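Quick note, the sequences are listed as chains A and B, same order.
One gets this note's numbering by counting positions in the first sequence from 1 and adding 42 to each.
One gets this note's numbering by counting positions in the second sequence from 1 and adding 42 to each.
Same chains, same names: a pair is fine if it fits in one copy or spans any two.
Restricting the straight-line Cα-Cα distance to at most 30 Å, the calculated cross-link-like pairs of lysine-lysine (BS3-like) are:
1. Lys104 <-> Lys220
2. Lys128 <-> Lys396
3. Lys122 <-> Lys317
4. Lys358 <-> Lys165
5. Lys220 <-> Lys441
6. Lys372 <-> Lys122
7. Lys441 <-> Lys324
8. Lys104 <-> Lys142
Keep in mind the hints are simulated off the structure, nothing from the lab.
Just so it is clear, the structure is predicted and the values come from calculations on it, not from any experiment.
2 protein chains.
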Amino acid sequence: MNIAVAQSGGPTCAINASLLGVVNEAMRTPEIKEIFGSLNGIEGIVKNNLIDLRAHLDTDDKKALLKQTPATALGSCRYKLPDYDKDSSVYKTITDNFIKNDIKAFFYIGGNDSMDTVAKLSKYMAENGLDIKIIGVPKTIDNDLLITDHTPGFGSAAKFVATVLSEIVRDSAVYDLKSVTIIEIMGRHAGWLTASSCLLHTDGSPAPHLIYLPEAEFSTDKFLSDVAAKLEEYDSVIVAVSEGISLGKAEISKTDSFGHIALSGIGKQLEEVIKNSDIGCKTRSIELNVLQRCCAHIASKTDIDEAVLIGEAAVKAAVLGETGKMMCIKRVSDAPYKTEIFSADAALVANGEKAFPSEWITANKNNVSDLAIPYFMPLIEGECDIKTKNGLPVHLLLK
Amino acid sequence: MNIAVAQSGGPTCAINASLLGVVNEAMRTPEIKEIFGSLNGIEGIVKNNLIDLRAHLDTDDKKALLKQTPATALGSCRYKLPDYDKDSSVYKTITDNFIKNDIKAFFYIGGNDSMDTVAKLSKYMAENGLDIKIIGVPKTIDNDLLITDHTPGFGSAAKFVATVLSEIVRDSAVYDLKSVTIIEIMGRHAGWLTASSCLLHTDGSPAPHLIYLPEAEFSTDKFLSDVAAKLEEYDSVIVAVSEGISLGKAEISKTDSFGHIALSGIGKQLEEVIKNSDIGCKTRSIELNVLQRCCAHIASKTDIDEAVLIGEAAVKAAVLGETGKMMCIKRVSDAPYKTEIFSADAALVANGEKAFPSEWITANKNNVSDLAIPYFMPLIEGECDIKTKNGLPVHLLLK
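Bound conformation, chain A alone (with noise of 0.2 Å):
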């Protein structure tokens, strides 16, 4: 039998970790002859266009190498399969093409759109009497896949998170005159990431001093209030803001009139909202952007070993005879941390979103509890041995 891994969604550090989990498991597989990539996830298989895994990853260098490459080394997409009771077409080329390539394992790395396309195909290879195992490995930033105590990629986005944001700390706290500083975090609708922020305050840091996420109400005149008692307590005010926040169209015409904010992520505008406010000081927004999930030389030790782990698990899993799952990690202990790998039904997953809980927010919304350390603190535990040259980390191409 061959295999086909794919990769899917938005880039993460630990995403081409998961990849050299599932070839590891699978060379050490003697019933596993071939290991093709399929190129631009599921879109690879559509259009029959895989590479050789074993050729790419002959040698522990290169293997090293993979697992520190940000982003999806074997490309990505964004293409969400059709019901295939409306239109099967797609499903009819999809499994031409595992047939054709003896496929009987395909793994797919991705978040909820793609646990969608696990379930969706599992789905269709089963009531069509095809003996083609579909299985999903889990990766997103966001951690807002159902199930799973948390997903790979994540904890290396929080530890740069909370790196760069203790460094900002000491970068805004230079001058002597007060101060806000808003930074901006990923997370789409999930909360996660930005409170991840919260990490600082295990070092005794009162910063980040707010922290504003979309599973909490959000006013502006609230934010503003806030602000302000901040800064009578402290110089330098440091404001994590998740993007997932936004601004009605009355907020911002109440600041702005010229709709000068209005193209702007939550961070500016939050900046102009203060800027037009009568606290009047130094006010600035960083917006974090795509270095969050690109941050390789910052990764998690612990996320990227996770994350192999779990890529191996799926070949197992799938060897085992599962199908339509999508694999989760369970968490048995906080401290000493110890988890342990098991698979869920991928449509339990597909399309869902966790929210960040409620009980980890602060009564008054503005900040997150000490109650959270103990679920983030593990995870951005550890740091990798980045190979370099020319004082620069080495990455892996596969296409």
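With chain A's structure known, arrange chain B on it following the hints.
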């Protein structure tokens, strides 16, 4: 005799390493008794706001932590001394506090404004017959100080810029579509830091496909035709642009009749220029922001080591009787990388700016020549061994 040291201007990753160098050498110098840290630059002398650095840095562990702490541990200021023939009152206050504390040498770590202070103060001391040495220690991520080959702080900023650009290159290439990614890089009026992104070329990368510096003429028409040409050849075009480039009002109004982009930085402006053109592909802009100057977690070992050495050399120079000088780096050879430290009149550096050499800009003004690579390459070499706690770098606070 006692000494005092202060930090000024914008933060860098290396300014505390220079502070450590001053303290290290002072501790090795028997005739130096008290080592004062002046809080918030020269303002700490004016206000007699001094701390005891022997007490704060009494262990090797604390010294190691100071070396890896970004931004100015003693705080900073933007204070510029008036000419003393116009207003000598502050000079009298400074002198009184030097005498009161038996300070016989003052070390000012900063950029060209700080060198102006060094030049003025040393001249005042000489003209008033006071034997108080004033020595400047350079730092700026802009690398725009005259006479010195490069400035401490620049190498670490360049290492961060090149590292994250190499990661953004991966992030930008995942989808099977045409895209333009514009990265806005600091450096004020000088293109050094933006130009250093050419370090990606050392690994055969065509990215950045376009590099725009303030030292070369810029027009949006030329920019659009450059981008269009690169999109013919490459799917994912990476553009590095210096914050020091500005579009004229006429250029902005051509593409943005509502003035939405006038408030933004050049990166966002150029993103809008492309979006409003007929190029019609996915376009985004990324502002690296203050991360460039406080990214101590990825500091260049060469830079940090040199920052310590130049701090040490400053104390040696003062002990030998020098004053009114800035310590400078002379490059002896690129490979093997070899430098020497010497001193030059701070007055020659004060208020001047060293532009990026025009002979290192390509003929078509939209990239950096490979001739610049031997200059930049050694400056980002080596990784620091960063001490962490709970997965985050540990910083030392002095105030």
